[in-house]
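Visitor: Sequence:
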Amino acid sequence: MIHRDDHLLVVDKPHGLLSVPGRGEHLADCLLSRLADDFPEVLLCHRLDRDTSGIMIFALTKEGQRKIGRMFEVKRIKKRYVARVAGAVADPAGTIDLPLIVDWPNRPLQHVNHETGKNAVTDWQRIALEDGTTRMRLMPRTGRSHQLRVHMLELGHPILGDPFYSDDHADWPRMMLHAEGLKFEHPITGQVMRLDAPCPF
1 MIHRDDHLLV VDKPHGLLSV PGRGEHLADC LLSRLADDFP EVLLCHRLDR
51 DTSGIMIFAL TKEGQRKIGR MFEVKRIKKR YVARVAGAVA DPAGTIDLPL
101 IVDWPNRPLQ HVNHETGKNA VTDWQRIALE DGTTRMRLMP RTGRSHQLRV
151 HMLELGHPIL GDPFYSDDHA DWPRMMLHAE GLKFEHPITG QVMRLDAPCP
201 F
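Note that full-length UniProt numbering numbers the sequence shown so that position 21 is 21, with each residue one more than the last.
For the record, the hints were derived by calculation from the structure and aren't laboratory data. In this text, a Cβ means the ideal position worked out from N, Cα and C, and glycines have one as well. Misleading hints may appear alongside valid ones.
Lysine to aspartate or glutamate pairs mimicking EDC-like chemistry, simulated, CA-CA at most 16 Å apart [to be verified]:
{"no.": "1", "residue 1": "Lys78", "residue 2": "Asp123"}
{"no.": "2", "residue 1": "Lys78", "residue 2": "Asp5"}
{"no.": "3", "residue 1": "Lys62", "residue 2": "Asp5"}
{"no.": "4", "residue 1": "Lys78", "residue 2": "Asp196"}
{"no.": "5", "residue 1": "Lys62", "residue 2": "Asp6"}
{"no.": "6", "residue 1": "Lys67", "residue 2": "Asp6"}
{"no.": "7", "residue 1": "Lys183", "residue 2": "Asp12"}
{"no.": "8", "residue 1": "Lys183", "residue 2": "Glu73"}
{"no.": "9", "residue 1": "Lys118", "residue 2": "Asp103"}
Distance windows between CB atoms, simulated [claimed, not checked]:
{"no.": "10", "residue 1": "Leu17", "residue 2": "Leu109", "range": "19 to 29 Å"}
{"no.": "11", "residue 1": "Glu185", "residue 2": "Gly24", "range": "16 to 26 Å"}
{"no.": "12", "residue 1": "Gly132", "residue 2": "Gly190", "range": "41 to 51 Å"}
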């Protein structure tokens, strides 16, 4: 647990665990149901992909859920990720602005579509070069499904271990993407919250 108060619960989700139940009994285990064992009132505010680890906000009151949900909608919550990607990224920083939409014949995959895609923007910084790979800091301005994964692929440096968008996923123990930090104003008190989940890789 990273933070708990009367309205919010912030935790570090392990990789390989669903945020919410999937379809079928074999996909019933998820972070939401595990938290509900100790906090029956827990409410979902947003999601992380199964293979992504890191920081997640849950609400403990309806008011908290409504206000946090609205803050995500209007982009008042700043998100920061760490990724390790294939190859050596040449530039120190940049922005990817490529619209995304579901690839219906291959769902849940997403792809770039300049005609019907929804706006998707990611700022990025190179942290370090590591054995022919690059450690990156990713700061999405929008929250599209698979946004960081597709944007890194389009940059020419897919996230290592990505089972959908990387050819070498079998060579890595996990997808190398972690939600490292969140910055937001507490929906009830207005206090500025800066919360972190240290990167495990």
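Visitor: Now, for every hint given, state plainly whether the structure supports it.
Guide: Taking the hints in turn, this is what the structure says about them:
In summary, the hint linking lysine 78 to aspartate 123 is supported, as the alpha carbons are separated by about 12 Å, within the 16 Å threshold. Our distance criterion of 16 Å between C-alpha atoms is broken by lysine 78 and aspartate 5, whose separation comes to about 20 Å. For the hint pairing lysine 62 with aspartate 5, the CA-to-CA distance comes to about 14 Å; that is within 16 Å, so the pair holds. With a C-alpha separation of about 12 Å, the suggested pair lysine 78 and aspartate 196 falls inside the 16 Å cut-off, and the hint holds.
Pair hint lysine 62 plus aspartate 6 holds up; C-alpha atoms about 11 Å apart against a cutoff of 16 Å. The suggested pairing of lysine 67 with aspartate 6 holds, with an alpha-carbon distance near 14 Å, which does not exceed 16 Å. Between lysine 183 and aspartate 12, the direct Cα distance comes to roughly 15 Å. Compliance with the 16 Å bound is thereby established for this hinted pair. Note on lysine 183 and glutamate 73: the hinted pairing holds, with a Cα-Cα distance of about 15 Å set against a maximum of 16 Å.
With a C-alpha separation of about 13 Å, the suggested pair lysine 118 and aspartate 103 falls inside the 16 Å cut-off, and the hint holds. Taking 19 to 29 Å as the suggested C-beta distance range, the pair leucine 17 and leucine 109 conforms, at roughly 21 Å. The hinted window of 16 to 26 Å between glutamate 185 and glycine 24 is violated, with their beta carbons roughly 38 Å apart. Taking 41 to 51 Å as the suggested C-beta distance range, the pair glycine 132 and glycine 190 conforms, at roughly 46 Å.
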